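**Q** Chain by chain, the residues:
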Amino acid sequence: MLSILKNRFEQGYKTNRYPEEQVKIFPRYRGKPVIQNNIHRETLETCAASCPQDAIDVQNQKIDMGRCVFCGTCENISNGQIRFTNDYEIATSKRADLITSGDLPALAEHAKQHFKKLFGRSLQLRQVSAAGCNACEADLNVLATPFFDLARFGINFVASPRHADGIVVTGPVSRNMKTALLQTYEATPAPKVVIAVGSCTISGGPFTGSPEITEGLDKILPVDLFIPGCPPHPMTNLHALLSFFK
Amino acid sequence: MSNAFLQISNAEKVSREAIPHLSFDEFRSQALGLVTDGGKIVHYFAYPDKDRLKLLAVLRTDKLFVAGCDVPDPYPSFTRICEPFHLFEREMAEQYGIRPHGHPWLKMVRYHPSYAEGAADVFGNDYSQDIPGNYKYYQVEGEEIHEVAVGPVHAGVIEPGHFRFNCIGERVLHLEIQLGYQHRGIEKQLLEVPAKRLSILGENIAGDTTIGHSLCMAQNLEALTGVQPDQGARVIRTIALELERLANHIGDLGALSGDVAFLPPANYFGRIRGDFLNLSLLICGNRFGKGLVRPGGVRFSLSDDIRTVFNERLAALRPEVTHVLALLFNAVTVRARFDGCGAVSHEDADHLGLVGPAGRASGMAYDVRRCFPTEHYPHLDIPENKKATGDVYARARVRYDEILQSLQIVESLAATPVETRCVTEGMAYDLPASSFSVALNEAWRGEVSHAVLTDEKGKILRYKIKDPSFHNWNGLAMALRDTEISDFPLNNKSFNLSYCGFDL
Chain A
1 MLSILKNRFE QGYKTNRYPE EQVKIFPRYR GKPVIQNNIH RETLETCAAS CPQDAIDVQN
61 QKIDMGRCVF CGTCENISNG QIRFTNDYEI ATSKRADLIT SGDLPALAEH AKQHFKKLFG
121 RSLQLRQVSA AGCNACEADL NVLATPFFDL ARFGINFVAS PRHADGIVVT GPVSRNMKTA
181 LLQTYEATPA PKVVIAVGSC TISGGPFTGS PEITEGLDKI LPVDLFIPGC PPHPMTNLHA
241 LLSFFK
Chain B
1001 MSNAFLQISN AEKVSREAIP HLSFDEFRSQ ALGLVTDGGK IVHYFAYPDK DRLKLLAVLR
1061 TDKLFVAGCD VPDPYPSFTR ICEPFHLFER EMAEQYGIRP HGHPWLKMVR YHPSYAEGAA
1121 DVFGNDYSQD IPGNYKYYQV EGEEIHEVAV GPVHAGVIEP GHFRFNCIGE RVLHLEIQLG
1181 YQHRGIEKQL LEVPAKRLSI LGENIAGDTT IGHSLCMAQN LEALTGVQPD QGARVIRTIA
1241 LELERLANHI GDLGALSGDV AFLPPANYFG RIRGDFLNLS LLICGNRFGK GLVRPGGVRF
1301 SLSDDIRTVF NERLAALRPE VTHVLALLFN AVTVRARFDG CGAVSHEDAD HLGLVGPAGR
1361 ASGMAYDVRR CFPTEHYPHL DIPENKKATG DVYARARVRY DEILQSLQIV ESLAATPVET
1421 RCVTEGMAYD LPASSFSVAL NEAWRGEVSH AVLTDEKGKI LRYKIKDPSF HNWNGLAMAL
1481 RDTEISDFPL NNKSFNLSYC GFDL
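Sequence order for the protein chains is A and B. Counted the way the numbering used here counts, the first sequence spans residues 1 to 246. Counted the way the numbering used here counts, the second sequence spans residues 1001 to 1504.
Because the hints were derived from the structure by calculation, they are not lab data. Take these hints with a grain of salt, some might be off.
[Said to hold, decoys possible] Here are the in silico distance ranges between beta carbons for each label pair: (1) ASN37(A) to ALA1149(B): 29 to 39 Å; (2) ALA96(A) to LYS1107(B): 23 to 33 Å; (3) HIS110(A) to LEU1191(B): 37 to 47 Å; (4) ILE4(A) to LYS1459(B): 53 to 63 Å; (5) VAL1309(B) to LEU182(A): 42 to 52 Å; (6) LYS1050(B) to ALA106(A): 39 to 49 Å; (7) ALA1155(B) to ILE220(A): 46 to 56 Å; (8) LYS1107(B) to ARG41(A): 49 to 59 Å; (9) ALA1326(B) to HIS110(A): 25 to 35 Å; (10) ARG17(A) to VAL1309(B): 44 to 54 Å.
Please read these numbers as outputs of a predicted model, since none were measured by experiment. We put the beta carbon where it would ideally sit given N, CA and C, even for glycine.
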């Protein structure tokens, strides 16, 4: 008993104060990409050609965060003309908004207002991993740990779709998981939300082109919230859930 | 016994001509001989070469061996004589339609159409139906027998898989695990994508083993091209692999603690795990180490400013880790639940070829870092870490030992300046023609291995991936025999195997 108390004392209070205070992430973290207005055409072309995810649109000087895996290759090549900033608030309510030069619409204003009314005080989510590599899953799980403490906002992950207000999908939706995913969606009572977490779910990500996966959850389900990343930082998830529903 | 297999080294380029191409009978007797004498299978897979199908086996004793042969028709199964081949033969049947005649339990592995187009499906499946559970499970019959079906969608935030229990009362007679829900077709995709996508795919085989898998890929490509990372890069990669081990082992002990309802360590370790993930982020900008390892070295340095923060964080974490470890392992209630639960005997572990902490808990001392060291491991002293009891306690205790060792390794490697020339863009992947390389690493779950074969034009002909979970899922099934079904979550966490690493 004494050692339990001693440990408790040593651990102290670790929960962050987000959203009142921003959480600082180490400088090498790659968040929202920003393409400089005056970027050299050639540089951008080289970046586009080297991008493993083919996520760069040279014509419109935009990068598709739904395809991007935030590897930072373009940042290296472009000498900082494309930069991954420390900004982790990068979720959007529309797929098209993920294609950006660095400006994102404020998520809180684009959220469906009836969702805020319905789920603002209590949101129960069912997570479905559909061929996720366990990185997105792990960084959703971590929201339950004391540092993030998602439950303090009235948001929880629940064990049954019957108890849920929506589903959170990770992974590129393999052929072998598609039926189970759709059944989980069906089993969730309406009105319900669908949240796509990670590059794989949004676009197929690294597995784009494989006949075994679905290239974009929005092709098979109506997606309300897109959270990009490979995987999205837990703070990206937290920001998305709070802005969209609170 | 004379050995017709060729002895090779870990991550070494071998000309395919140098690999003994044996007659099937000789291949069979040699492979069976090696494995029944205690050797283990690292790889055993089929690949197409021009219009023929061939087999290749990589086996290990205290050395690594390779040999191949043509696929005979019919192919007589090895499994009847030597069980460790069973899953490899099922995989070959699924991937290339090679039916192993006499296989005692031929069932699909991942539920996907054959890689060889036009080949008849060994399992008679219709792949336009997307239900991998469409399979007749092993059944126990009797008046008081009941079945429990779990998954693919589980109650927690975890990956999908199906578990079928046959029970009498609370007692599990048999657990059958059917996976494949996570299949993304990676091995096939690796042959088709441009070189710039290889590393990204390698990192996403299993996100919790990013470093383990990307090291295997990088080491193979380095061996084939002859581009070698500098000493600093090897140190950084070693640090990254140990950080991955620390984060996952700590997370596992927290989860085990939660499963026996001892919540303080569950919460503390849950957070501390995140602190170790953040150390990976400190180095490379990603909590799972994605983007760090590339053929030729690493993309991020451990510059002195980063190293200073790194060491400060480590110094703060060490007492927290040791105190919470003490809290968990000194609790008699925890000990009472861990002790004797889900024991896998040394004999069973040996037959199944268990690897990693699960294997070491059952007395299998094998550790790639000690037996076939790469990166900075030749300069490190890795203890055997094996335990005798094979139960949940042993699997937890192995992690306890390894957490303290890894912490010490990381501290000592980061104590002095590390210099490396970062690789910026991907290296040019001009692979040599008709070559072969196999790389093994001890990731946190155990031996992870990739094998690459190139064709006469230097194109990748076959890319074979093996996650340690491929060996260990059957260990979990074995642990559940005669165990109470309510102890399944505890046992499952004590193995904590990968679904996507298995399903590929």
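**Q** For each hint, tell me whether it holds in the structure or not.
**A** Hint-by-hint comparison with the structure:
1. ASN37(A) to ALA1149(B): 29 to 39 Å: Given range 29 to 39 Å: violated, Cβ gap about 57 Å.
2. ALA96(A) to LYS1107(B): 23 to 33 Å: This hint is violated: roughly 45 Å between Cβ atoms.
3. HIS110(A) to LEU1191(B): 37 to 47 Å: holds, 42 Å
4. ILE4(A) to LYS1459(B): 53 to 63 Å: holds, 60 Å
5. VAL1309(B) to LEU182(A): 42 to 52 Å: About 46 Å separates the Cβ atoms of VAL1309(B) and LEU182(A), which means 42 to 52 Å holds.
6. LYS1050(B) to ALA106(A): 39 to 49 Å: violated, 59 Å
7. ALA1155(B) to ILE220(A): 46 to 56 Å: At roughly 24 Å between Cβ atoms, ILE220(A) and ALA1155(B) fall outside 46 to 56 Å, so the hint is violated.
8. LYS1107(B) to ARG41(A): 49 to 59 Å: Hint holds: Cβ distance 56 Å, inside 49 to 59 Å.
9. ALA1326(B) to HIS110(A): 25 to 35 Å: Violated, since ALA1326(B) and HIS110(A) (Cβ atoms, about 49 Å apart) do not stay within the stated range.
10. ARG17(A) to VAL1309(B): 44 to 54 Å: violated, 22 Å
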